[in-house]
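Q: The chain contents come next:
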Amino acid sequence: MIFTIFKKELKETLRDRRTLMMMLVIPILIFPIIINITASVSTSFQEDAATKKIKIGIVDTPSKFLTNEFNQIPDSFGKKEVVNYVDTLQLIKDIKNEKIQLGAYLSGKFLSQLDAMVPAPVVFYFNATELGMQERAQGYMSVIEQKMQVERFKKLNISKEKINPIVSEYRNIASDKEMIGKLAGGFLPYIFIAFCFMGCMYPAIDLFTGEKERGTIETLLTTPVARWQLLFGKMGVVVLSGLLAASAALLGLFLSMETLNGLDNDELLKVVHSILSPSFIFLMYCLLIPLTVFFAGVMIPIAVYAKTFKEAQSIITPLNIVMVIPAMVGLFPGVELNVMTACIPVVNIVLSTKELIAGTLDPFLVALSFMVMTALAVLAVFISYRRFDKESNVVL
Amino acid sequence: MIEVNNLSKTFELSRQQRKELNTDAKTSVAVDNISFRCEPGRIFSLLGPNGAGKTTTMRMLSTIYKPTTGEILMGGIDAVKNPQEARRKIGFLTGSTGLYARLTPNELIHYFGDLYGVDKETINQRKEELYTLLGMHDFQNKRIGKLSTGMKQKVSICRTMIHDPEIIVFDEPTSGLDVITAENIIQLIQNCKNQGKTVIFSSHIMSEVDLLCDDMAIIHKGKLLFSGTMTDFKGQMQADNLTAEFIRIVHQSQNTPS
Chain S
1 MIFTIFKKEL KETLRDRRTL MMMLVIPILI FPIIINITAS VSTSFQEDAA TKKIKIGIVD
61 TPSKFLTNEF NQIPDSFGKK EVVNYVDTLQ LIKDIKNEKI QLGAYLSGKF LSQLDAMVPA
121 PVVFYFNATE LGMQERAQGY MSVIEQKMQV ERFKKLNISK EKINPIVSEY RNIASDKEMI
181 GKLAGGFLPY IFIAFCFMGC MYPAIDLFTG EKERGTIETL LTTPVARWQL LFGKMGVVVL
241 SGLLAASAAL LGLFLSMETL NGLDNDELLK VVHSILSPSF IFLMYCLLIP LTVFFAGVMI
301 PIAVYAKTFK EAQSIITPLN IVMVIPAMVG LFPGVELNVM TACIPVVNIV LSTKELIAGT
361 LDPFLVALSF MVMTALAVLA VFISYRRFDK ESNVVL
Chain Y
1 MIEVNNLSKT FELSRQQRKE LNTDAKTSVA VDNISFRCEP GRIFSLLGPN GAGKTTTMRM
61 LSTIYKPTTG EILMGGIDAV KNPQEARRKI GFLTGSTGLY ARLTPNELIH YFGDLYGVDK
121 ETINQRKEEL YTLLGMHDFQ NKRIGKLSTG MKQKVSICRT MIHDPEIIVF DEPTSGLDVI
181 TAENIIQLIQ NCKNQGKTVI FSSHIMSEVD LLCDDMAIIH KGKLLFSGTM TDFKGQMQAD
241 NLTAEFIRIV HQSQNTPS
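Residue numbers (our numbering), protein chains in the order written: chain S, 1 to 396; chain Y, 1 to 258.
Among these hints, one or two may not hold up.
[Claimed, not checked] As a list, the in silico DSBU-like pairs of lysine-lysine whose alpha-carbon atoms are at most 30 Å apart:
1. Y/Lys26 / S/Lys310
2. S/Lys307 / Y/Lys146
3. Y/Lys223 / S/Lys310
4. S/Lys52 / S/Lys96
5. S/Lys390 / Y/Lys221
6. Y/Lys146 / S/Lys390
[Said to hold, decoys possible] Covered stretches of chain Y, going by a simulated chain S footprint (3 or more residues, C-beta under 8 Å):
7. 57-70
8. 110-118
Note that these hints are calculated values from the structure, not bench results.
Please read these numbers as outputs of a predicted model, since none were measured by experiment.
Glycine included, each C-beta is placed from N, C-alpha and C at the ideal position.
Required output: the full structure, derived from the provided sequences and hints.
A: Here it is as structure tokens:
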């Protein structure tokens, strides 16, 4: 009987455009759209910044030392035009007025400092609101500095190796998988939780408040079906919708990484592939199912209590923030799964999934998280049943 | 047969409801110790003004509400103790019955047939009979949301009758319907009587009651003011017509100290 109700409710849900949009279309498209826009904007910005011809104002030495050096730098480091200034006042004014993009100042002692082999300062002026100017200056100066270093080593007749007494080497023993798991692993369950909640919301309101508002609940309650069966049939659809929405979001994210080059790094992509093994996906769903049931169990009593779709929506929407904030806690690097965090709902699932991705899971803590979430899900289902069984809530 | 003995229903009032009703009372008595009996092959009408307690009584009969006190026997089954068992015998229809707009009549009928535990073959057979009777073949596969009010009412009737119930409960079945659409319901009630089913319907329209019912009860503010046959009612009439007599009885009860 539960399956009969489930089948009918699912059919109705899949025929509702609004639910379908929230459950499948938006989750599946959101990441490809975001990643595509971000990638194209950032690529076009980088290309623009690299090819842009900039004007550089220089308060130079009388021999035009820096002007000559700048003119020798190939255009591959960025096209430029050098303009000479006599003082920094006009130079700064012109940067502000966007007549030039970069300014350099060499003091009168610059050449004597060079000859004395003491560090000779070059001061650069730029407007930080114009992105990429500091990087452009650093690029030019690294070319000049390297050239001068080679000349100086030659002059002093020493090799570069002799002035580097120690060569320090730092080796990271954590695997890429572990790094991703610990530092960015919270992102995956966060996406899941956010979309899962969104996916549960509309079917929960539609199948409970909607049924009341449309006047169909009365006839349903006169059928020889126990209320718990009605509740379970409907709840099954709410849970499935949440899982479908979350899966669609993850699928969208995965597709955008695979086909839209959202992750422009082959090594990282390999690690992501190794993380997304069938056993990982299975374990992740095992952790997330009680969470989804918990979400459904929290929303259903509200949907049963509310008299109109609007009322239910106005209560459940702010609840989204309450549920998603703990999920965000798990995003912070350094927040670890321990006995305490394993007992905090939502946070425990995010942290367990993080450990799962990193491959460093402690079976006891993951089992504890699972049990805590399952216990809360059972409690939420029980509260839903009590609410649904209360005649004043069910009939308008 | 329906047998109702000393039936009462008291609702707890929420703070909001107390405020709306301007009362300090924590409870409200919707139905107060009523008893009546509906026989098979006869039409029983529960008559009363708005807010009399008709819908609450009908909802108790159809097991949506649990009575505070009293007994309801539906075809010999105690509907308070075995509501699920009693529901198999009941068909319930209201004037404001909603239907699942995203389903087709066929899908809806099969769904309710399944909920009543009717086997596929019987569902198809009953469906065919009812579709022919009501002229529903043309729109059986259209979404209900796209049907006219009259077509929807036919779907409601078909849904009510798919499990061939022996007791039919109609709660203000023609309320809000135009005369042509209401005619389908009137016809259904008469057909049910002819088939020997037990029919109870609530109404506040005296002409409808006069047209259809064999037995009747008048209820006001939850109390039963009259219960008997239509012939008895007409015989005891002090006013010129049925509507005037109904109003007289209601007014008299308001003036009589309880």
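Q: All hints are to be evaluated individually against the structure, with a verdict given for each.
A: Hint check results:
1. About 29 Å separates the Cα atoms of Y/Lys26 and S/Lys310, which keeps this hinted pair within 30 Å; it holds.
2. For the proposed pair S/Lys307 and Y/Lys146, the alpha carbon gap of about 25 Å is at most 30 Å, so the pair holds.
3. Distance restraint check for Y/Lys223 and S/Lys310: the Cα-Cα separation of roughly 37 Å exceeds the 30 Å cut-off, and the hinted pair is therefore not satisfied.
4. Our distance criterion of 30 Å between C-alpha atoms is met by S/Lys52 and S/Lys96, whose separation comes to about 18 Å.
5. Using a Cα cut-off of 30 Å, the hinted pair S/Lys390 and Y/Lys221 holds, with the two alpha carbons roughly 24 Å apart.
6. Distance restraint check for Y/Lys146 and S/Lys390: the Cα-Cα separation of roughly 33 Å exceeds the 30 Å cut-off, and the hinted pair is therefore not satisfied.
7. Coverage of the stretch 57-70 of chain Y by chain S holds. Counting CB-CB distances below 8 Å, 6 residues qualify, and the rule asks for three or more.
8. Only residues whose beta carbon comes within less than 8 Å of a beta carbon in chain S count, and the stretch 110-118 of chain Y has 6; three or more means the coverage holds.
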